[in-house]
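Student: For chain A, the structure is supplied; the task is to place chain B on it using the hints.
The listed protein sequences correspond, in order, to chains A and B. Going by my numbering, the first residue of the first sequence is number 1, and it counts up by one from there. Going by my numbering, the first residue of the second sequence is number 1, and it counts up by one from there.
Hints should not be assumed to be uniformly reliable.
[As the list claims (entries may be wrong)] Sample of chain A residues facing chain B (criterion: CB under 7 angstroms; computed from the structure):
{"hint": "1", "residue": "54"}
{"hint": "2", "residue": "89"}
{"hint": "3", "residue": "107"}
{"hint": "4", "residue": "114"}
{"hint": "5", "residue": "117"}
{"hint": "6", "residue": "123"}
{"hint": "7", "residue": "124"}
{"hint": "8", "residue": "127"}
{"hint": "9", "residue": "197"}
{"hint": "10", "residue": "232"}
By construction, these hints were calculated from the structure, which means they are not laboratory data. Where is the CB? At the ideal position from N, CA and C, for every residue including glycine.
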Amino acid sequence: MSKILKASLVIIISFFLSLELYATTEKDIMQTQKDRQKTKNEYSYEQMVLVNSDESKEVRQVIRKVKEVGNDLHKAIVTFLSPADIKGTALLTWEQKDRDDDQWLYMPNLGKMQRIAKGSKKNYFMGTDFTYEDMTSEDINNFNYTILRKENKQGKDCWVIEATPVANYSKDTAYSKRILWVSKDVYVTVQIEFYDRKGELIKTQMSSDFKNIGGTIWRAEKTIMNNFKEKHKTLIKTIKIDASTNIDEESFTERFILKGLHTELK
Amino acid sequence: MKKLLIFAKNNYIAVLIVIFIITLLFASKIPKVVIDPSSDGFMIKGDPEKTYYEKIIKEFGSDNRMIIFLKDKNLFSEDKINAISKVLEKLEKYKYISKIETVYNQKNIKWRDGGLITEDFLDPFNLPSKEEILQAKRDAIENPILNSNLINKDGTAMAINIIIEKHPEIKSYDTIVSKEIESYLKPLNGVIEEYFQIGGPYFKKSLVEYIIKDQIKLVPLAVLVLFIVVIISLRSLYGALSPLVTAGLSVVWTFGFMGLIGIPINIITVIIPALVIVIGSTEDIHMISEYFEGLEHKQDRHFAIEFMANKMGIAIFLTAFTTIAGFSSIITNDITVLKQFGIVTTFGLTANFIITVFYTPAMLRLRGPLEAPTHSDRSDSNIFQKIANLALKITYFNRGFVFGVVVVITVAIGFGMNFLRINNDTISYFKKTSEIRLRSDIVKEHLARAQNFYIVVDAGKPGAFKNPHYLKEIYKIVNHLNETKYFSKSIGISDFIALVNQEMNEGNKKFYVIPESKELIAQYYLLFHRKDIENNVNADFSKANIIVKHNLTSSYELKNAIQEVQNYIKNNVDSSLKIKFTGENVLVNAAADTIAIGQAWSITLILFIIFFIMSILFLNLKAGLLSLIPNIIPIFFAFGTMGYLGIDLNVGTAMIAAISIGIAVDDTIHLMVRYNSELKRMNDQDLAIQETMHSEVRAVVSTSIALTLGFSVLVLSNFLPVIHFGWLSAMVMVIALLADLIITPLLLSKTRLITLWDMLNIKLKQSVFNSVLFEGMKKWQIKKLVLSSKMKEFKEGEYIIRQGDKERTFYLLLDGKADVFRNIENGESIKITTFEDGQFFGEIALCGDIERTANVIAKTNCLTLEFDW
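If we strip away everything but chain A, and leave its shape as in the complex, we get (with noise of 0.2 angstroms):
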């Protein structure tokens, strides 16, 4: 073999292997995942588990119901079932673009709505070691991704992306950079990393036992969030989820929750 085909062999060799890496860019890799994963309609019953630093546990049963009623603009409710004496406590969400979101809390014995006038997405939610931030979906233009390395997690190759916020968008989230592992097979995200303001870490979420709920949509069975700095964990177990069945808007309102619909199991 001449010299020039050796030379030519290796440039395209070497071609294709960067174009397998650059193949996709990480933004692409998030809008697919984003794409893959979103549901219109989204029901699920979970067992919430809150481990304290000396081990003992909290177990919660909740029912959450999305919908998604605009452009990537969702309606939320969040319902306790037991222990018994928070059963119907309730948090409802509507998503607003371009202002805070609009939120009320429902305690049963209080006996009436109370509307959040300002809650921080950087405030853990009930207690758990999830921030409203963790979950809620991503808006991709507040981040900037970048493919750290790929790795293999829980018997998946992933994509290592590294996101932190756009400049405009760091005063609105409680991170300086998450690190996210994403399954290339199903687009899931396998793991998260969070570091806080001062670039250390303080918690890592690790999903697993992913389930296919139809189409492309891929949802973990079971997801720790396991909380350094707070020394605090939050295990969560899907029990029972539904993508495909509407649900209806009526389930996102005042009087819906009111008349204690919300804490009915389908």
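Tutor: Okay, now just chain B, sitting in the frame of chain A:
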């Protein structure tokens, strides 16, 4: 004792080498000595409450808090917050900090503008608009959990509460942490009007610095004082250097000992070197003083040392023993620092005694001066002799009157003891002008101080504190705590629920109560993350913790306050709840009572020891009592003065009594032993007292002055207990000296003393024991009777009895032979008989005023016992 001194003289090279080697061995252990600024030592040793406290700390977080105090008229302007955020950024990254609480990062639960706010007050890294910042400030001031805890009433002062991990394994941990945090405060410079750190590591760092400063200041001063006093009293450079060398060696041994058995330097053990130097020198002074006296008789080292050995015998041993006993009686105390102090001083002074006894004769043999310094010791112009004369004048002025005056003064001053209070609060150990007290006072003015303790309420069942009944009990207690004047701020889990209830009801203050519904409470708890409430309720809600912050700086105040709260709880709170008070503060203060008990034990012990030793030594219970009287008087003075001046009984002042009795009794012993030997020589109590006073006054007064000045040095310490200990002990030394000079001769002049030594040394012939005079008596009773009687010696040919004299005495012949002659007419006499040892004569005097019927003349040298009738 004498043999030891002579032994050291004869084997002086070996003795000096051995002392040198031992000193090297101890010196090698000195690097292991550590400085301990923790307050653990002020607690009761092995206190089960401490184990409980450690468990509680694990559950509710450490009470070891440092505060960064910030004061500024415009604390909430953007530039100030930015400066503070720079500090916070660094603090948050520091590995030894486990939690930071600021006004900013607390959860603001607030009803406003028709809605509920549930977010942190302020994100200092991401400031909102000016209006919003001011709103946050107002919210913080209004928040009952934050107010006077993290922010003051008008928002011009705030605290950054830092909870520091405990790392006892790291050397100089507190200093490292405090210095590191201090370096983080630089961005505040020129921005914030007033800022500083206080509490926790800062407190301990300051303590270490003060301890080191004390050591640097006190030891050289003690050396200087000792040097000057000895130079003046002995007028000899050698005499001044020798005690310094023995003291120096003793200090090396003592530090080595502390390193060896792991006793740290703390605010009490810090004074030991200075004490050993001063107290340990008294024996040296007595010994060298006697050596010089020996030189005056004969300019020969051997002779002078042996002269010294003869004179020093019992006294030096006894005085050392009682002094050491005084210090060891402190060991009975349950407070760790006092126990350690007792152990180390006992070792140090014992070491000093051993070193002195061996080193002094050995060194005198090697290098002792050959000429005694000139001092006209007996001339009446001598200051010491003037003192002796004055004392004797007072004594003989009117014994009853003098005694009466002393008793009245003692009782009057001693009455002050009724006002004596006990205190073991560590912050009160610093001077009012010390940086640490000043900072503490500033914080106190604006916020609740860093001082805090916990009230742990245990319901015994999980979930209890989700129940309105139990929460209301907490609410009641917290309310009571905040209403009493004792405490500045108390926070319980009930505050969190009451606050949410208020804000859920549109911020109406009427609703700052615990709701009736158990379900609603559970729903309210959902608003909190575990971290928000972890200091106030445990994970399974079976135990609640009330954090009580207070400004009390003394044990008795805290004790009263706690007592009051306990009474309230007893009368008003569900008795099924187990309620305990705990915290470093509570533990240290609880030890206060132990100080008093420990002190009572120490005093009892040392008094008993002295009484016991003196009674045995002088074979007489009266002598035991007698030796106590001049030494108890100063104790009344000390405690009385403390009571009148409001000086508390604390770890320092509690030691005064036992220690000073042990030291002050030395002079009494010197006087009594001397009196005993003079009495034997002179056979006249008044003459013996005069001689005793004149010959002992120099040593007694100069050692007392040395001790007084030595204790006075401690006044320059940075710690109030040490300062009080210093000047009160100095006062005790002066009073004890006065008592010794006035009371002791007064008491002695009424007493005949014999010593155990005499008993052991006296050799009586068998014939004496067999004398009909002693029929039915045991041997020791005979010896005692012989010793307590007047012994008289007669030379060969001397008249023991003259015929025709009228006397009321009779004699027992202990040794020798005496002839009996009766005068007949013309100056002639006839020999009637010869008495031998064991026989008695002159008993006719017992019958009344009858003239002697014969002469008794010593045939050989005779030793007789004279009985007055």
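Student: Hint by hint, say whether it matches the structure.
Tutor: Going through the hints against the structure:
1. Taking 7 angstroms as the C-beta cut-off, the interface hint given for residue 54 (chain A) holds, the closest approach to chain B being about 5 angstroms.
2. The restraint placing residue 89 (chain A) at the interface with chain B holds, with a minimum CB-CB distance near 5 angstroms, inside the 7 angstroms limit.
3. For the restraint placing residue 107 (chain A) at the interface with chain B, the shortest Cβ-Cβ distance is roughly 4 angstroms, inside the 7 angstroms limit, so the hint holds.
4. With 7 angstroms as the threshold, the beta carbon of residue 114 (chain A) comes within range of chain B, its nearest partner Cβ sitting at about 5 angstroms, so the hint holds.
5. This hint holds: residue 117 (chain A) has a C-beta 3 angstroms from the nearest C-beta of chain B, less than the 7 angstroms allowed.
6. A hinted interface residue such as residue 123 (chain A) counts as satisfied when its beta carbon comes closer than 7 angstroms to some beta carbon of chain B; here the least separation is about 6 angstroms, so the hint holds.
7. Checking residue 124 (chain A) against chain B: minimum C-beta separation of about 4 angstroms stays under 7 angstroms; hint holds.
8. Annotation: residue 127 (chain A) was flagged as interfacial toward chain B, and the flag holds, the nearest CB pair being 5 angstroms apart, inside 7 angstroms.
9. Against a cut-off of 7 angstroms between C-beta atoms, the interface hint on residue 197 (chain A) holds, since the closest Cβ of chain B lies about 6 angstroms away.
10. Look at residue 232 (chain A): its Cβ gets to within about 5 angstroms of chain B, closer than 7 angstroms, so that hint holds up.
Of the numbered hints stated above, none is contradicted by the structure.
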